[in-house]
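There are 2 protein chains.
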Amino acid sequence: MKEIRKNIAQMPGYVPGEQPQSGRFIKLNTNECPYLPSEKIAAACLETIRKGLNRYPDPMANSFRKAAAEVLDVPPEFIMAGNGSDDILTILTRTFVGENETLRLPYPSYVLYKSLAQIQGARSEEIPFTDDWHLSPAFKTPSSDLKLVYLPNPNSPSGTRLSRAEILELADALPCPLVVDEAYADFSDENCVSLVLEHKNIIVTRTFSKSYGLAGLRFGFVIAHPDYIQQFVKVKDSYNCDALSIAAATAAISDRQWFNETVEKIIKTRNWMRPALAELGFNTVESHANFIWCTRKDWDLKNIYQKLKEQNIFVRFMVYDKWKDGGCGLRISVGTDEEIRILLERIKAILN
Amino acid sequence: MKEIRKNIAQMPGYVPGEQPQSGRFIKLNTNECPYLPSEKIAAACLETIRKGLNRYPDPMANSFRKAAAEVLDVPPEFIMAGNGSDDILTILTRTFVGENETLRLPYPSYVLYKSLAQIQGARSEEIPFTDDWHLSPAFKTPSSDLKLVYLPNPNSPSGTRLSRAEILELADALPCPLVVDEAYADFSDENCVSLVLEHKNIIVTRTFSKSYGLAGLRFGFVIAHPDYIQQFVKVKDSYNCDALSIAAATAAISDRQWFNETVEKIIKTRNWMRPALAELGFNTVESHANFIWCTRKDWDLKNIYQKLKEQNIFVRFMVYDKWKDGGCGLRISVGTDEEIRILLERIKAILN
Numbered sequence: 008m009k010e011i012r013k014n015i016a017q018m019p020g021y022v023p024g025e026q027p028q029s030g031r032f033i034k035l036n037t038n039e040c041p042y043l044p045s046e047k048i049a050a051a052c053l054e055t056i057r058k059g060l061n062r063y064p065d066p067m068a069n070s071f072r073k074a075a076a077e078v079l080d081v082p083p084e085f086i087m088a089g090n091g092s093d094d095i096l097t098i099l100t101r102t103f104v105g106e107n108e109t110l111r112l113p114y115p116s117y118v119l120y121k122s123l124a125q126i127q128g129a130r131s132e133e134i135p136f137t138d139d140w141h142l143s144p145a146f147k148t149p150s151s152d153l154k155l156v157y158l159p160n161p162n163s164p165s166g167t168r169l170s171r172a173e174i175l176e177l178a179d180a181l182p183c184p185l186v187v188d189e190a191y192a193d194f195s196d197e198n199c200v201s202l203v204l205e206h207k208n209i210i211v212t213r214t215f216s217k218s219y220g221l222a223g224l225r226f227g228f229v230i231a232h233p234d235y236i237q238q239f240v241k242v243k244d245s246y247n248c249d250a251l252s253i254a255a256a257t258a259a260i261s262d263r264q265w266f267n268e269t270v271e272k273i274i275k276t277r278n279w280m281r282p283a284l285a286e287l288g289f290n291t292v293e294s295h296a297n298f299i300w301c302t303r304k305d306w307d308l309k310n311i312y313q314k315l316k317e318q319n320i321f322v323r324f325m326v327y328d329k330w331k332d333g334g335c336g337l338r339i340s341v342g343t344d345e346e347i348r349i350l351l352e353r354i355k356a357i358l359n
Numbered sequence: 008m009k010e011i012r013k014n015i016a017q018m019p020g021y022v023p024g025e026q027p028q029s030g031r032f033i034k035l036n037t038n039e040c041p042y043l044p045s046e047k048i049a050a051a052c053l054e055t056i057r058k059g060l061n062r063y064p065d066p067m068a069n070s071f072r073k074a075a076a077e078v079l080d081v082p083p084e085f086i087m088a089g090n091g092s093d094d095i096l097t098i099l100t101r102t103f104v105g106e107n108e109t110l111r112l113p114y115p116s117y118v119l120y121k122s123l124a125q126i127q128g129a130r131s132e133e134i135p136f137t138d139d140w141h142l143s144p145a146f147k148t149p150s151s152d153l154k155l156v157y158l159p160n161p162n163s164p165s166g167t168r169l170s171r172a173e174i175l176e177l178a179d180a181l182p183c184p185l186v187v188d189e190a191y192a193d194f195s196d197e198n199c200v201s202l203v204l205e206h207k208n209i210i211v212t213r214t215f216s217k218s219y220g221l222a223g224l225r226f227g228f229v230i231a232h233p234d235y236i237q238q239f240v241k242v243k244d245s246y247n248c249d250a251l252s253i254a255a256a257t258a259a260i261s262d263r264q265w266f267n268e269t270v271e272k273i274i275k276t277r278n279w280m281r282p283a284l285a286e287l288g289f290n291t292v293e294s295h296a297n298f299i300w301c302t303r304k305d306w307d308l309k310n311i312y313q314k315l316k317e318q319n320i321f322v323r324f325m326v327y328d329k330w331k332d333g334g335c336g337l338r339i340s341v342g343t344d345e346e347i348r349i350l351l352e353r354i355k356a357i358l359n
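The listed protein sequences derive, respectively, from chains A and B.
Each residue of the first sequence is one higher than the last, beginning at 8 in the numbering used here.
Each residue of the second sequence is one higher than the last, beginning at 8 in the numbering used here.
Be aware that one or more of the hints could be misleading.
One copy or any two copies: either way a pair holds, since identical chains are not told apart in the list.
Stated by the list, open to error - Simulated crosslink set (EDC-like; lysine to aspartate or glutamate; CA at most 16 Å straight-line):
1. K13 - D234
2. K13 - E106
3. K207 - E10
4. K331 - E108
5. K309 - E84
6. K73 - D332
7. K355 - E205
8. K73 - D344
9. K47 - E346
10. K147 - D65
11. K355 - E108
12. K207 - D139
Just so you know, these hints were derived from the structure itself, not from any lab.
All chains, full assembly: derive it from the sequences and hints.
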């Protein structure tokens, strides 16, 4: 179609994980939280409905900014909310990267970054991790048309993370902003939020889809220097967050008890899940996120994925064809203890 | 800041109407519905919360597509939902218009179109309406780098509309897709939805912010040929609509009684509001939307706007500096009968 921009017409489009909308299933394919979110959310939504959805929401979601600022110990001016962290990543890409300019990302990592570059008509430069999931020197090398670098930390699909020291060293070496995508940082013992205050070119993104159990709500945010926030505000849709999600996210981030208990439960399950998968013969790597990356050469992983799916158990089969050993793996989200027990039994049956 | 794309750094940014978040006021500045939305929405939201916001929503909002398809008498494949019609307009711009390419819009009209071109690094070509709010021949003239044309119909700030025949003639003359932004079409006696089925290059956008009383929800949609929809899906964020807004919008569009009664009330108020404003000395033009565009040369309109604001009555003061007589005007949304009676009294007092 000649009307469509070439970069759009030629791109395949990002394919999100399967989202079955009805039936009973165990869903371990998109790193959702297996627990229902804070019970304070229903009341916050009802109160918002009572006040009247006929009015536009606060364009800057200030009630949320204030609550998040307290929890994260940064000034509210450093925070901007988005319609999921995908909205935030879209805004960042559009702010920093023009057509034919370059966006850098590690490989294998979150496939969306490349799609965002394609939509923008920009070039994406995928630089492989080292074998032990660290950054190669090429990742830190400046280049003249490099406009933005994405680094998910912890990374997906590996669940591995780089230390704050490594990230600071990277930011110092780069000629452009470094976006540390902390979608999974709540499951890690370290994060980069405070680095944003010290280093203008470090930008941190967060989501409510994982550690807050609110994937259905679409809410995320960015932590960045206010000079950058002012530019992002120009690029975002005026009312990018709706009144219900602002109220719900504000209630959720303020409920520290729910958050602490839930994250603790997920880490506890993760801690016994990894050795159990290893015992079944999978190669795994230490995860700082809410999923485990599983590889093995002695079985067809796609076959395991399909047989599980036939039993209404969804895990994510991924292929990174430029990665070692063909790059196949299963990324398995941390579910409830019960869900993981069933998963392990079923895998055992498939392997026997 | 050298890190920011030049087109972004240099643009002023779209400034939405004031959204006071607390206090008692009469709000007639952003064309919201003065009535609370359908009562079915609370139940739909609660049911969605009960099912679990921890799961991602349906990426294509199929329940909504099906409901909207029935109401509008088009196949569901012609429909894609968005996070407000702003999200839809952003997606359309990014699909069709690259850097340095041209986007055409009438003047005066919705200022956002120009901002979308600026964010994209594209050129915007503003072509003035004729004095009686029709299209000048220049608007229909093809040019080689013209990639997209926006036409709000009914138009804002004027409330005027072009006939289906005029729009069809325009679409035939243009070398690129024509987006008919029907944000206000529910208040008009004609719309272009069925033209989309006949003419591939006509694309219609709709919003729930005006006639469905759901500005706080952020929900809109586009009606376009499925070949185009497939491309828009690549450009949109995977989960651009959250589970609550999908459920609420589906409930709202299915409640035809609420919709018909509400639109009827608004039109009734509009019909007595215009002559009442004319009696106070304003020049007005027939409105097919939920607002009236008021101009006059004998008074400082900014002064009227400010004096009303001091009394917690918000109307929109607009300046289109390339338009006749300096392009100043007050765009006043249709409120409840009571709100409009108070407004008229206060204006009368200001004028005396």
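Do the hints match the structure? See the list:
1. K13 - D234: between (33 Å within a copy, 15 Å between copies)
2. K13 - E106: both (12 Å within a copy, 12 Å between copies)
3. K207 - E10: Classified as between: cross-chain Cα gap 11 Å, same-chain 40 Å, threshold 16 Å.
4. K331 - E108: Classified as neither: same-chain Cα gap 28 Å, cross-chain 42 Å, threshold 16 Å.
5. K309 - E84: neither (46 Å within a copy, 31 Å between copies)
6. K73 - D332: The answer is neither: 47 Å in one copy and 44 Å across copies each exceed 16 Å.
7. K355 - E205: neither (49 Å within a copy, 56 Å between copies)
8. K73 - D344: So K73 and D344 fail the 16 Å test inside a copy (35 Å) and across (37 Å) alike.
9. K47 - E346: neither (26 Å within a copy, 35 Å between copies)
10. K147 - D65: Neither: 39 Å inside a copy, 38 Å across copies.
11. K355 - E108: Answer is neither; intra-copy 48 Å and inter-copy 57 Å both fail.
12. K207 - D139: For K207 and D139, the Cα distance exceeds 16 Å both inside one copy (29 Å) and across copies (52 Å).
Comparing the model with each numbered hint stated earlier shows that hints 4, 5, 6, 7, 8, 9, 10, 11, 12 do not hold.
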